[in-house]
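What follows is the residue order along each chain.
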Amino acid sequence: MTQVSLTGTTGARRQTILWIGLSAALLITVVLALGMGRYPIPWHRVLAILFGNVMPLDTSWDLVEEQVVEALRLPRVLVAMTCGAALAAAGVALQGTFRNPLVGPQIIGVSSGAGFGGALALLVSESQFILMLLAFAFGLIAMAIVLWLSRVGGRSPVLMLVLAGVVTSAMFAALTSLIQYVADPEDKLPAIVFWLMGSFSTAGYDELAWLLPPVVATCGLLFLLRWRINVLSLGDEEAESLGVSVNTMRLVIVFCVAAIAAAVVAVAGVVGWVGLVVPHLARMIVGPDHRILLPVAMVVGGGYLVIIDTIARTATTAEIPLGVLTALIGAPVFGYLLKSTQARGWSRD
Amino acid sequence: MTKPILQGVVITGLTVAVTSSAFAEDKITLTDQRDVTVELDGPVERLVTFPMPAAALFASVAGSAEPLVAMHPASQAAIEEGILGVIFPEALDVETGITSGGVFAPNVEAVLNLKPDLVVQWAGRGDELLEPMEAVGLPVIGLTYGTQEDTETWIRTLAAAIDQPDRADLILGKHEDAIQRIGAQAAEVPDDERVSVLYFLRAANSLEVRGEGSYNHFYMDMVGGVNPAGPSGSRTEINPEQLLAWNPDVILLGNFDPAMPEDFYNNPLYSALNAVQNRRVYKMPLGGYRWDPPSQESPLSWMWLAELLYGDRMDYDLRWEMQRFYADVYGYELSDSEIDAILRIDVNGENPGYDRFLRQQG
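Taken in order, these protein sequences are the chains called F and P. For what it's worth, the numbering used here labels the leading residue of the first sequence as 1, then goes sequentially. For what it's worth, the numbering used here labels the leading residue of the second sequence as 1001, then goes sequentially.
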């Protein structure tokens, strides 16, 4: 095992070093991402534009360049980072709670519900606001159905939650297919198909403002509950014996995950794989202790999605759909991680 | 000396035409774009169409929608949206319940029930769209779409199906004339006066442009425009940054999406674009069919764009051309307010270059 121990007195210093390293890596990723794009702007000018906000600099750049960096790239990078961090937190929380390394936010049916809401909005309206609203609303409706289906005798066992998620997911996937079937093949259908594949191409500060409240609230809650996730990951009986109300905790965590998935789908369409892959990456770095795993996964997830989105918007003239990249990159990475670690990160189980 | 010979040719030609059409009362042979041959007992009287533009194209070739017994629901929506619903009101009552299990997959029993003597379906989008109907003995022709040659083939084939090849000559004559006249005038435009023009198929929720290999690129190039999206392939989804990098002089918004010039003018991100600063973002017209994809009305669309980009270098009177086209092809007299509606004067009228399309005062 190459993982360093991060708890105890000697761990404290290692943790500080880890955090400095991770923060620096994220910052460099963000700055590099801001310097790349289809509109040619020299690196030094990108930095000048950024620093120009906090210190008086000679404004030698033209307005278009400033707009590209601050009104196009910056909000998009921030939205991608926020979505990545939130999806990673959701993935860590779910995997810990369900004691199963193969679950991600998509498994509980919320992405599917939110995807349906978005497709419905594209079918019946032209408004971006309605799109986000319906996607979020149907994400929560899907979650309500999952929770209702999974309740057995006042409890929601893990198996029932997963099965209810599969059922709900299938139902909303069918409804989404129905929408694609009735959509006008010349105007509505291509828009729906592209949106379902996920993209940050229209992300601006409006989307960021939409995204932040639910994400900050739910990720904050998950962060506060991180040691309880540790307890839950020991198993139901052990957790009960330690005085944790397993059922309530599980519902709270599922609610947080659902809100995150719905918010992300509402802003960016269906972005798969991040919530599944990133927790494994993070577990390789810091091990299975959720007190540190959760925040580390958020930083890694933020950087990961910024990198993927930078490829999506810069590699070719055309925008590459995000869902294609997250799966094309995410699936092999996940496969490699599984093969090379043989689930050693799950030593606590 | 040449006159008698010419007369002789004309007379022989007439004889041949008469015999062949007398013969065609019995049999009409059509070859579709899959090279499949279909033999009909006589001119088509009950037609079913699946491809979206086929119904409108057929009505314009036949000068009537009477022979149409069924069409794809999207075709009917397009007819209802444009002026063809006024010209051919009978098209609005035609059956549309002919698809099943997929956007263009036929409901074979519904189609059989209509007893069509010809079915028009997409070719090259999977045999399952055609084969089930052929298996029960329905006469099916498969057509492909997207280029000017395809449009010409469609018009010729549909005219042949009703045994009125002169209708195809009439419409295609207008296409060929426009290509030659505009092409010649466009060739005169010096390189440093060429206008860069970008067409958006979609611009409301995403930005989708068209380059080489697309129909839109074909006519933007033909009228002398320079399409910055040319090299990036026929259909491309771009981001706003790419649009800023290209910075076109003129932006065209298509009719498959609700995006309007105002959306560009009011978006602070686009304030640096030449097309926005000069207020040269235009919604494309919508006549008997959308003017952005290929259709019978394409010549009018090319004239519109040529006039828009190069003004006095071109010599069309678009309003007059439209009236003539509608009279010749649809047998319909266009009013001034109908022309205004087709040209989207309401959203384009204030933009520079559009004054030439406005009604003459007094």
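A couple of the hints might just be wrong.
[Claimed, not checked] Keeping only pairs whose Cα atoms sit at most 20 Å apart, straight-line, the calculated EDC-like set for lysine to aspartate or glutamate is:
#1 Lys-1115/P with Asp-1093/P
#2 Lys-1115/P with Asp-1041/P
#3 Lys-188/F with Asp-1166/P
#4 Lys-1027/P with Asp-1163/P
#5 Lys-188/F with Glu-1080/P
#6 Lys-188/F with Asp-1257/P
#7 Lys-1115/P with Asp-1026/P
#8 Lys-1115/P with Glu-1045/P
#9 Lys-1174/P with Asp-1026/P
#10 Lys-1027/P with Asp-1221/P
#11 Lys-188/F with Asp-1221/P
#12 Lys-1174/P with Asp-1221/P
[Stated by the list, open to error] Anything over 12 Å on all C-beta distances counts as not near chain F; from chain P, calculated:
#13 Gly-1042
#14 Arg-1046
#15 Ala-1074
#16 Thr-1153
#17 Pro-1190
#18 Ser-1196
#19 Leu-1201
#20 Glu-1208
#21 Pro-1228
#22 Glu-1237
#23 Glu-1241
#24 Asp-1257
#25 Leu-1269
#26 Leu-1273
#27 Pro-1293
#28 Trp-1320
Rather than coming from a laboratory, the hints here were simulated on the basis of the structure. For every residue, glycine included, the Cβ atom is placed at its ideal position computed from N, Cα and C.
(request) Report the numbers of all earlier hints that the structure fails to satisfy, in ascending order. (result) 3, 9, 10, 11, 15, 19, 20, 21, 22, 23, 24, 25, 26, 27
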